[in-house]
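Enquirer: If you're matching positions, the sequence shown starts at 1 in the UniProt record's numbering and goes up one per residue.
Hint data in this document are derived by calculation from the structure and do not stem from the laboratory. Beta carbons are placed, not taken as given, at the ideal position from N, Cα and C, and that holds for glycine. Take the hints with a grain of salt, since some may be wrong.
Using 27 Å as the maximum straight-line C-alpha spacing, the simulated DSSO-like pairs for lysine-lysine come out as follows [as the list claims (entries may be wrong)]: (1) K109 to K132; (2) K51 to K22; (3) K136 to K123; (4) K136 to K155; (5) K135 to K26; (6) K205 to K37; (7) K41 to K205; (8) K26 to K71; (9) K71 to K155; (10) K205 to K135; (11) K136 to K195; (12) K109 to K135; (13) K132 to K205; (14) K26 to K8; (15) K109 to K136; (16) K123 to K51; (17) K41 to K51; (18) K123 to K195.
DEER-style ranges, computed between Cβ atoms [to be verified]: (19) F105 to P266: 22 to 30 Å; (20) I173 to E267: 49 to 57 Å; (21) I173 to K11: 46 to 54 Å; (22) E267 to N180: 24 to 32 Å; (23) R170 to G46: 27 to 35 Å.
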Amino acid sequence: MELRSVFKLIKISMPDMNQHNKTIAKYLLENLDNSEKINLKEISEGTGQSKATIFRFCRNLGFQGFAEFRKVVNDLNNNYIYSNHEIVIRNLYRKDLDEFYDFYFSILKFQRQSIKSLIYENKIEASSILIKNAKKIIIAASNINYNQAIDFKNKLVALGLNCFLEQDYRTLISLGNISNEDDLFITISLSNLNKSVLSIGKLAKSNNAKWLHIGTKKNSLEDPNIDMMLTFESNESQLWNLYSLRGEGLFQILNLVFASLLNHLPEKHD
């Protein structure tokens with residue numbers, strides 16, 4: 001979902017909401033620009049609604065849950081301002097084109113250096129070996145992460161690997177339940193906050209499958225069950241189009257893993 005859609009999405013959805021959800025919607029519209037008030041405790045106290053009701057409200061808007069909704073709102077507050085009930089880009093991003101070029105690529109350079117460290121730490125190679133040794137590979141991702149993983153999945157299939165990419169939670173639960181020690185689950189959550197995706201990795205590990213996670217270092221994720229974690233740093237909040245920056249980082253990691261995988265597979269000749 002685009003960041004600037006959140007404000008209008010709530011307003012458009014209000015007429016069809018029940019009274020409980022309208023109360024939550026009104027509170028959010030009045031406080032979207034105040035990050036401190038966008039937490040479960042504050043919303044619950046400010047609206048008199050239960051945390052479960054707030055969670056369902058976010059799900060009804062199309063989010064995985066409250067955590068994803070709050071993250072989008074926080075990103076919005078970092079990059080936009082409200083003016084006459086409209087969301088506009090902050091003026092600090094209006095730069096001379098040469099200045100903007102340097103600013104944009106300084107952020108990308110920082111991100112790429114973080115990703116390159118994964119090569120030196122042998123994490124890219126270790127991840128490719130996990131893929132090579134797996135009899136079945138399941139990639140769990142949602143929204144933009146899902147779309148960006150399609151190319152990677154297609155490349156693995158082209159190599160003859162048994163690979164699936166899925167975003168439907170119930171299907172992933174089913175796959176997790178029948179997994180075994182020969183399977184590899186790859187979870188992708190650049191925010192590390194998508195509990196639905198992360199729960200699939202935990203479920204697979206409970207059946208002795210391997211677990212590879214890809215994310216950023218913005219929100220710490222420490223889980224001893226993860227076999228390998230590919231995380232990178234990104235100053236995405238410094239620019240308005242957050243997903244383009246982190247998205248490029250995800251593409252780079254997936255391509256590096258694929259390149260490493262090719263070195264571990266026998267070369268085929270025409």
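Enquirer: Now tell me if each hint is right for this structure.
Expert: Here is what the structure says about each hint:
{"no.": "1", "hint": "K109 to K132", "in the structure": "30 Å, violated"}
{"no.": "2", "hint": "K51 to K22", "in the structure": "15 Å, holds"}
{"no.": "3", "hint": "K136 to K123", "in the structure": "20 Å, holds"}
{"no.": "4", "hint": "K136 to K155", "in the structure": "15 Å, holds"}
{"no.": "5", "hint": "K135 to K26", "in the structure": "50 Å, violated"}
{"no.": "6", "hint": "K205 to K37", "in the structure": "36 Å, violated"}
{"no.": "7", "hint": "K41 to K205", "in the structure": "32 Å, violated"}
{"no.": "8", "hint": "K26 to K71", "in the structure": "19 Å, holds"}
{"no.": "9", "hint": "K71 to K155", "in the structure": "31 Å, violated"}
{"no.": "10", "hint": "K205 to K135", "in the structure": "15 Å, holds"}
{"no.": "11", "hint": "K136 to K195", "in the structure": "23 Å, holds"}
{"no.": "12", "hint": "K109 to K135", "in the structure": "36 Å, violated"}
{"no.": "13", "hint": "K132 to K205", "in the structure": "18 Å, holds"}
{"no.": "14", "hint": "K26 to K8", "in the structure": "12 Å, holds"}
{"no.": "15", "hint": "K109 to K136", "in the structure": "35 Å, violated"}
{"no.": "16", "hint": "K123 to K51", "in the structure": "39 Å, violated"}
{"no.": "17", "hint": "K41 to K51", "in the structure": "8 Å, holds"}
{"no.": "18", "hint": "K123 to K195", "in the structure": "24 Å, holds"}
{"no.": "19", "hint": "F105 to P266: 22 to 30 Å", "in the structure": "39 Å, violated"}
{"no.": "20", "hint": "I173 to E267: 49 to 57 Å", "in the structure": "38 Å, violated"}
{"no.": "21", "hint": "I173 to K11: 46 to 54 Å", "in the structure": "34 Å, violated"}
{"no.": "22", "hint": "E267 to N180: 24 to 32 Å", "in the structure": "30 Å, holds"}
{"no.": "23", "hint": "R170 to G46: 27 to 35 Å", "in the structure": "33 Å, holds"}
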